[in-house]
Amino acid sequence: DVKVTQSSRYLVKRTGEKVFLECVQDMDHENMFWYRQDPGLGLRLIYFSYDVKMKEKGDIPEGYSVSREKKERFSLILESASTSQTSMYLCASSSSTGVHNQPQHFGDGTRLSIL
Amino acid sequence: GDSVTQMEGPVTLSEEAFLTINCTYTATGYPSLFWYVQYPGEGLQLLLKATKADDKGSNKGFEATYRKETTSFHLEKGSVQVSDSVVYFCALSDPSGFQKLVFGTGTRLLVSP
Chain A
46 DVKVTQSSRY
56 LVKRTGEKVF
66 LECVQDMDHE
76 NMFWYRQDPG
86 LGLRLIYFSY
96 DVKMKEKGDI
106 PEGYSVSREK
116 KERFSLILES
126 ASTSQTSMYL
136 CASSSSTGVH
146 NQPQHFGDGT
156 RLSIL
Chain B
139 GDSVTQMEGP
149 VTLSEEAFLT
159 INCTYTATGY
169 PSLFWYVQYP
179 GEGLQLLLKA
189 TKADDKGSNK
199 GFEATYRKET
209 TSFHLEKGSV
219 QVSDSVVYFC
229 ALSDPSGFQK
239 LVFGTGTRLL
249 VSP
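Protein sequence lines correspond, in order, to chains A and B.
Heads up: the first sequence begins at 46 in the working numbering, then just goes up one per residue.
Heads up: the second sequence begins at 139 in the working numbering, then just goes up one per residue.
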């Protein structure tokens with residue numbers, strides 16, 4: 046089974062701090078994704094990566110950056126955390142084979158609170 | 139851009155009732171369609187998928203048919219159980235590449251004994 050592991054289930058940080066969310070997958074997937082989930086808004090794509098050192102903006106990249114130095118690891122960075130970034134963050138990965146019909150596999154999420 | 143619309147929740151049913159959760163989409167090209175479930179405090183898990191028109195995805199008693207003519211992918215189950223009380227997300231895979239998913243806002247199902 047695919048395992049996507051997010052480093053923290055719960056995280057509390059202060060406004061202005063630099064925050065790192067880590068995600069590791071164990072299935073050698075090419076694609077990795079970061080979403081945030083908010084009530085009434087569903088999941089929104091922040092950034093994704095289709096290869097090591099490659100990154101693409103999603104729908105809401107403002108205030109975030111990402112890093113993918115190794116294939117199995119995809120980090121989300123909040124450069125200067127704000128209260129509007131309090132949310133549930135979900136990481137996912139998928140294989141590139143079969144073009145666009147491969148499902149994404151999700152981690153359990155990190156609930157981030159910015160005070 | 140691509141979008142997914144699903145019915146607002148919560149949907150409340152009695153055990154053994156018939157379930158339908160509506161999902162419609164707009165997309166350029168021919169997306170793949172997915173239903174995911176989310177258990178409390180967890181990430182999303184794939185429930186079923188369909189990759190082309192008229193395909194039927196099925197799993198654990200749930201079914202959905204890819205209807206290109208109505209741009210729909212409604213989720214159905216003949217007899218729901220209390221354990222089906224979770225949140226359901228409809229999603230499409232952007233056919234332009236990179237397998238990005240576009241999600242609906244989610245529908246919470248509440249099944250009472």
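Rather than coming from a laboratory, the hints here were simulated on the basis of the structure.
In this text, all values refer to a predicted model and were calculated from it rather than measured experimentally.
Beta carbons: idealized from backbone N, C-alpha and C, even for Gly.
Treat the hints with care, as some may be off.
[To be verified] Facing chain A, a subset of chain B residues (Cβ under 7 angstroms, in silico):
(1) E180
(2) Q237
(3) G244
[Unchecked claim] Simulated pairs of lysine to any residue, SDA-like, Cα-Cα distance not exceeding 20 angstroms:
(4) B:K194 <-> A:K48
(5) B:K190 <-> A:S140
(6) A:K58 <-> B:L184
(7) B:K190 <-> A:N146
(8) A:K116 <-> B:Y177
(9) A:K48 <-> B:K190
Each hint tested on the structure:
1. With a cut of 7 angstroms, the hint placing E180 (chain B) at the interface with chain A holds, because the nearest CB-to-CB distance is about 5 angstroms.
2. For Q237 (chain B), the suggested interface contact is upheld, since its CB lies about 5 angstroms from the closest CB of chain A, less than 7 angstroms.
3. Hint status for G244 (chain B) relative to chain A: holds, with the closest Cβ pair at about 5 angstroms, below 7 angstroms.
4. For the proposed pair K194 (chain B) and K48 (chain A), the alpha carbon gap of about 27 angstroms is over 20 angstroms, so the pair is violated.
5. Under the criterion of a C-alpha separation no larger than 20 angstroms, the hint pairing K190 (chain B) with S140 (chain A) is consistent with the structure, at around 19 angstroms.
6. Between K58 (chain A) and L184 (chain B) the CA atoms are separated by roughly 31 angstroms; this puts the pair beyond 20 angstroms, and the hint is violated.
7. Among the hinted pairs, K190 (chain B) with N146 (chain A) is consistent with the structure: their alpha-carbon atoms are about 9 angstroms apart, no more than 20 angstroms.
8. For the hint pairing K116 (chain A) with Y177 (chain B), the CA-to-CA distance comes to about 28 angstroms; that exceeds 20 angstroms, so the pair is violated.
9. Of the pairs offered as hints, the one joining K48 (chain A) and K190 (chain B) is violated, with about 28 angstroms between alpha carbons and a cut-off of 20 angstroms exceeded.
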